[in-house]
Structures are given as C-alpha cells and as structure tokens.
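Hey, can you work out the whole structure from these sequences and the hints?
These protein sequences, in sequence, are chains D, L and Y. Under numbering that gives the first Met the number 0, think of the first position of the first sequence as 0, with each following residue one higher. Under numbering that gives the first Met the number 0, think of the first position of the second sequence as 0, with each following residue one higher. Under numbering that gives the first Met the number 0, think of the first position of the third sequence as 0, with each following residue one higher.
Derived by calculation from the structure, the hints in this document are not laboratory data. Worth double-checking, as some hints may not be accurate.
Unchecked claim - 27 angstroms max Cα-Cα, derived DSSO-like pairs, lysine-lysine: (1) L:K57 x D:K89; (2) D:K121 x L:K239; (3) D:K2 x D:K32; (4) D:K202 x D:K2; (5) D:K171 x D:K202; (6) D:K2 x D:K171.
None of the values given here were measured: they were computed from a predicted structure.
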Amino acid sequence: MTKLLDVRDLQTHFLTRDGVAKAVDGVSFSLDKGQILGLVGESGSGKSVTGFSILGLVDPPGRVTGGQIVFDGDDLVAGGEPMLRHLRGKRIAMIFQDPMMTLNPVLRIDTQMVETVRAHEKVSRAEALRRSREALVQVGISSPDERLQSYPHQFSGGMRQRVAIAIALLHKPDLIIADEPTTALDVTIQAQILSEVQELCVKSGTALIWITHDLAVVSSLADRLAVMYAGRIIEEGPTAEVIANPRHPYTRGLIDSVPQGKRHGAMLTQIKGMTPSLLNLPQGCKFAPRCPRADDACLVEPSLAPAGADRSVRCVHPHDEPPGKVLAP
Amino acid sequence: MIVYLVRRVGQSLLAVMAMAILVFLGVYFIGNPVDVLINPEATQADIIATTERLGLDKPLYQQFGIFIWNALHGDLGTSFVYGRPALEIILDRLPATMELALVALFLSVGIGIPLGVWAGLRPNSIAGRTIMGGSILGFSLPNFWQGMLLILVFAVLLGWLPAGGRGETTEFLGLQVSFLTWDGLTHLILPAINLALFKMSLIIRLARANTREVCLQDYIKFARAKGLSGRRVVLVHVLKNIMIPVVTIIGLELGSMVAFAIVTETVFAWPGMGKLLIDSINLLDRPVIVAYLMLTVLIIVAINLLVDVIYSLLDPRIRLSEMKA
Amino acid sequence: MTQVGISTPVRIDSPSRRIAKEFLEDPVAVIGLSLFVLVALIALAAPWIAPQNPYDLAQLNIMDSALPPGETSFGTNMTYWLGTDQQGRDMLSAIMYGLRISLMVALISLALAITIGTVVGVTAAYFGGRLDSFIMRVVDLQLSFPAILIALILLALLGRGVDKVILALVIVQWAYYARTVRSSAIVETRKDYIDAARCLALSNRRIMFRHLLPNCVPPLIVVATVQIAQAIALEATLSFLGVGVPITEPSLGLLIANGYDYLLSGSYWISLFPGIALVVTIIAINLVGDRLRDVLNPRLQK
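In structure tokens form, the structure reads like this:
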C-alpha cells in the first residue's frame, strides 16, 4: 500500500541577517490514508514550519531548501506553486492556531466559504452556498443560514474555529494539517472540537497531522507520534508505545512534565535549560546540553535509527527500561 | 447608525461654528472692521451705509449675530475689486478647482494604490525600492517646486504641453469643464499631476505599509491555504483590508487638496478659487478672502463627515459597534 | 536623551551612544547628516564666505543683469558661477543668504512650537479629564484643516514679515507636538512610577517635567525631524505665494518666486538653483529623520 504522504529529509531554512536559521533540518516521516499523526514539540522546534512547508506556505525569508514531500505520488517540492495551488484547500486543507486571526475580518462568512468552493470547482454560487451550509451543519453550527451572513467578529472563538474547520472540510480533503487548533480555546470547547475532528476524520477517512505542544491532547487522538526538537524528529512511533515507554530523554522529560491528576503531591520534573537558538545550535546532539545522560559520545549527532518494532529514536543513549521505575523518586 | 450620524453631523456643525467664530474674531476684533471690510477708496457715504448694514456700531455679540445671519443667507460681503457679492465670485471659480482636485484625486488613487500594494508585496525588489524612493521625493519636495520642474521640463524644454491657463472648456452637466476638450485636457494634465503627486506619495506609503502589515496576518495565509489564486488573495483579501485606512486618508486629503490647489493654481495660472484667493490677498480684497475661508471650511468639514460615514460602511466592526452605541 | 533606552535596560552602552552608533550604521543617513551639516554651516557663515553681499546695492552692477551661470562680471572680473538675477545679483550669494533666512525661520518656529506643544501636551496628559478633552478637541479641530490654509489666512490678515511667518508656523505646528507629547505621556501616566511619585508628594510640575517629559523625547524627536522639513517647505511655499517674508529679507522661496517669471523666457537659473538648494536641504533632513525614526522606534528593535 502506497503512503498518502511521504516527507523525506525536508530542509526549511530562514535566511536572516544574522545567519541561516535551520528551522527544519532533515525531517522525514510518512502517513497512510486516514492515519492521524501527532507532531509534538516546544515552540521553535520546527513543527509548525514543517506543516507550512508541506503546503508551500512558508513566509520569506524562509524557504524549503531541500528534501522531498511526496503526496499521493507527486513531489510537491519539485511541483512548486502551480501544483500546490490545486492541492491547497482541495486535497490538503489546513487549520490554524488562532481562530481570531484566520478569518478575514472584513469579509462575510459566506464570501469566505463560497470562494473556497469556487477556487477549485466551477459551480454556481447557489450550489457553493448549499455546500457551505452543509459543511457548517457538519461541524455542529446551528442556524447556518444566519451564520453565513455574519462577520467573523460576531462569533465566539470556538465558533470561529468550527467555521475554519468547516472551510477545511468543504472539499473533503485527503489530508488536514491542524496547527495547534485548540490551543487558543477554552478547555471544554477544546474537548468538543477534538472529539468532533476525530469523528469527522474517521468517518471520511481523512488523514490528519495534528501539530501541538500538548502531549495530553494528542495522546488520545493520534495513531502515531513524532516528537520534534530543534528542527529534527527525535523520536517516532505508535502513540501508545511512545507514551508508555519513551526512548529519548527529551520525550521522557516532556511526558514527566505533564501533571498527572491521579497522584496528588507527586513532584513534577522539569527539563533543565532552554531550547537552543536556531542560529546557535550546539555541536552533535542538539539536546545534549540539557540531557542528564549526555557524555562525550553525544558530540557526534546520532541519526534517527530504528528502535524496536515500528519505532525509531535519535539518541546515543536511549532509555530501554519501562519508565515506571524511573519515575518513582 | 442614525444616532451615530446625528452625533457626527452635530460635531461637524460645531467645527464650522468654531471656525466662523475665529474668522469673525480675526476680521472684527484684531483689525478695524471698517478698514477690513470697507473699500479703502469708498466715499464717506458708502462707509456710513456699510457700517449700518453690518451693524459695526453695535456691540460685538450683535455684530456676530449679523455676521452669522448674513452668512446663512449667503451674504459674505461684496468684493471691492469686482463690486459683486464675494460668494458669487468664488462659486464662479469653484468648478475649475473641483475639476482639478477630482482629477488629481483620481490620479493619485488610481496610480498610488497599485504602486503602494506592489511595493508592499515585494518590499525588497528593485521596483519596490524605486517606488518608495520616488514617494519620499514626492512627499518631501515642496509642491510649487515640483510644479515648476514640470513646467520647465514639459512646457519649456520639451514644449509638449502648455505652461498655464485652463484652455478650451465645454459644458458638462451645466458646468464648464476642461477635460472633455483636447485643448482643455492638455492644459489640465500638468496641474493635475502636480496636485496629485503629493497625495500619491502619501497613498503609496500608506498602502505599502498596510499591505505589509496585512500580508503577515494569519487570514492571508489561511486564504492561500484554501487554494485561492494569488490574484484573488491580493484583490479581495488584502485590498479590502487596506481600503479602510486608505479611504480615511483619501477623504481627509481631498479636503486638503482643495487647499493645496491654491499652490498649484498659482503655479499654473489655473483660474480656480485658489488663484482667486492669492489675487485677492495681493489686492487686499478682504470680503473675498473671508468668503473663501468660510466656503473652504464648509467643504472640508463636509468631506470629513462623508469620509466617516463611508468608513463606517466599509468596516463591519466599526459599523456594528457604532450601531450598538 | 538619557532616558531613551528605558525599554532595554540591559545594555553596557549608554542609550544615546547606542542610538548614535546605530544611526551611523546606515550610509544613506550619514550622507544626509553630512549634507545637513554642510547646509547649516553655509547658512551660518554666509556673510563671511559669500562672494558678495547681495543686498548691498553698491556691490551690484546692473550691467550684469541676468547673466547665465559661469559668466564673468563686466565690472569686477568676478565669476558668477550660478548666474545673476535681473538686478545683476550673484545667485550663489543670494542663495547663501536665502538659506540663512529659511533655516532661521524654520528653527525658531520649531523651538517655539515644541515648547508650547510640549507644555500643553504634558499638561493635558497629566491632568486628564475635561482639560484634556478640551485641549484635544482644539488640537483635532486644528489638525482637521490643512496647515497651508491656516498659515495663508493668518498671513493674509497679518501681512508680510519674518516675525509674522514665524508666528504662523508656530500656530500651525504646535498641535502636532501637543498631540505627540500627550499620547506618549498618557502611556507613562498609567505606569506605577508616576503613582509612586505622587505618593511621595512631589509637586505636579516636578512630576510632569522631570518624570513624564523625558519619556516623550524619542517620539518628539521623530516628529520634529518631519516637521522641520515641513516648516522649511511651508515657509518656502508661503513666500513663493507672496505672503511670506518681505522682499528685503528673501528666503529661498522668495528667490524662486522672483525668478519664476523668467523661467518661461529661458532664464532658468534664477529659479532653479535656489530650488535645488531648498530641495537638498529638505532631502537631507528627511534622510536623517527616516533613520532616527528607525533607531528610536522600540517596536522595530530586535
């Protein structure tokens, strides 16, 4: 079975006055039809830039400088803008982080939805409106006719994100890239949207890349996890396994710093130090300066190597024992 | 919306009133109104007659009442030079100024917005930098000097276009206009460009700055992620957002265009009301000056009012918040 | 100036030195600054370096009337590098003297307008309430009318004269400074240190001028560089229109106006060269102003 999306050795660099910032440096992963991938990392780890790179939406001075992004057999990097134009919104849709910012404030919802339909299909305005209404109903918006006539500022944040999701669903895409779509929302709305998106994806067989910094959110949703640090994927594998038995010290640190509601009074562990500047990355393993297990061997950067069935990790000294023993102080 | 309109009209009336008081004080209080408003060559009988008509022997507040009363009836005095009502003389000249200002506005918007958006989309390209450099020149060089250069190059050195005057006019909607005859058009080109250059530079800078700002917004990225063509993103999503500040400035600047026309009309001997003002100042024809001032204030305030209304129609956020207020 | 860097406290350089250093990084701004210094020096030293005193009638020779650039005088063997006007006046000298008057008018009006604008702006921001809204109403009302219109009407009522031009420029410009100072001062009044100063029972005047004012300096400098170029241009325009400085004290604008009638007959130099001097001055100031705006704007600092 061929992969829906196959990203190989993706390089996205930003040419700034102070030097080249390698926001994404050699990222590879792949995705099957209908699969949900969680792309996890701190801000600045390159997870959002990876998402934008797939759609060719990296803002200058950034640009994709190398690698391949093969979507359903076509290389998007080689195909460039003409190929991307026809895929964007039609076969690959995107949902953004801040619902307050993604809808154009001076255009009515119907304008923004109808133009999306008609950007890819020659249909009448009435037909486009009908589909827009359908999409709004699909994401649980009541009285869609009235909503279509409104401007974005008349909606609540959760409502706007629903509209954005409805726009993403208009063409029943094969892949949706969601860039922290629930971060800006209240917790209750967050849970609603999360389960709705999951349901919609399962029902329509849409693959999903869910970009987030929040392990808790993605662990209940994703089939696979890819953890990013300083522009690289440092660990990848099935969600349940990665959460239960993280191999990379950074992944483990991330999991340990999530508060566990069940154990009252347990100390939270934290990862020492700060994410390094992309302009001034350490030699060798980029996590080494913050890593409790680092030694001289880490001065040579390890590659992303297979670690057990269907998993890989980029570490010289990966954990191999189950985490439970280590967690107890 | 109606509440907003009423409040806004009220503010405008207040502005006109404030200016009327200032003009009145300027004429009646600082100087001797008999000197200011009565022809120096008038006979003693004339002086007495005018003094009585304007109530110059009455207390100041009564004089102000008479001034306003007369102004409301369109009586802003009689020109010393032409011996006709000052307002009438100015209204004769109004179409020429309005034609010049509107053509200049059209030029500055029609050229300024595309250039500004272009420069905003590609701020680091050679074209973008050239446009910005040009706009800095247009913005900082005095208007009359630009006009003089235009005359020097296109009229004196190249001899392509006439250096001044209005040329042949023809009737259009009951007004005399230049732009419909070939001769009139050739006379109109240079002054209109001259008057347009400053505003054009302003619009370029504004459109560029706003385009750059809007392009960074997520909704532009989202629009592209929806698969819209670059053209639709720019023409609908970017343009509609930058129109709000641009329209505001255009409106405010249309008012100042009437004022800036004073300079252009003097440089190009364009027979509009600005040239009339300068001539009147040189001839000490004060009733015409007063009438010009009152009329211009009225025009500017009216334009500002109109702009605010258009502004609120363009921006749904303002429209709704004002409606609720 | 010493309070400029308040937003970036961790710096070894003093803020004014940092600003100077950043300013000098841009070669275009350095050219602008050098040009402006040159122009200012010429204006200052005009009586000593000009080839002749253009307003000493004894030095003029009517035989030299309207000579093109580079011609030699019939009487004294002096070369007129920029030609002469109708009275046989050396244009180079006239321009040097004209520059003097143009700059003087602009600088004096600038100083007065800044002083008035600052006092009014800080007062409005500090006391707030009705006083503030009244002052800002007046400022808004004035700014809704074009500067040139207001200046023109004032001069039409007052008559010509250097002092009257200065007065008109001050009246036109104070509102810009008042608005600028008020808006940055009002941001400062909301900060805790002003409350602290009030708690210490410092006098209003001391809080306003020792605590508030220094924080308004950077935006004030930016507005001032824009406004001084505007003031020079406005004075030139008014003089060109014949309502500005008197014939006996011609600024660049008046020189241009005097030569304007001869432009069409081909004696371009009488008008053109004063115009170039004017334009160079304005461009130099704008280049300096643009750079200062970038350097002083904390939003653009990384």
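How the hints compare with the structure:
no.	hint	verdict
1	L:K57 x D:K89	violated, 81 angstroms
2	D:K121 x L:K239	holds, 24 angstroms
3	D:K2 x D:K32	holds, 7 angstroms
4	D:K202 x D:K2	holds, 19 angstroms
5	D:K171 x D:K202	holds, 11 angstroms
6	D:K2 x D:K171	holds, 18 angstroms
Hint 1 from the earlier list is the only one contradicted by this structure; the remaining hints agree with it.
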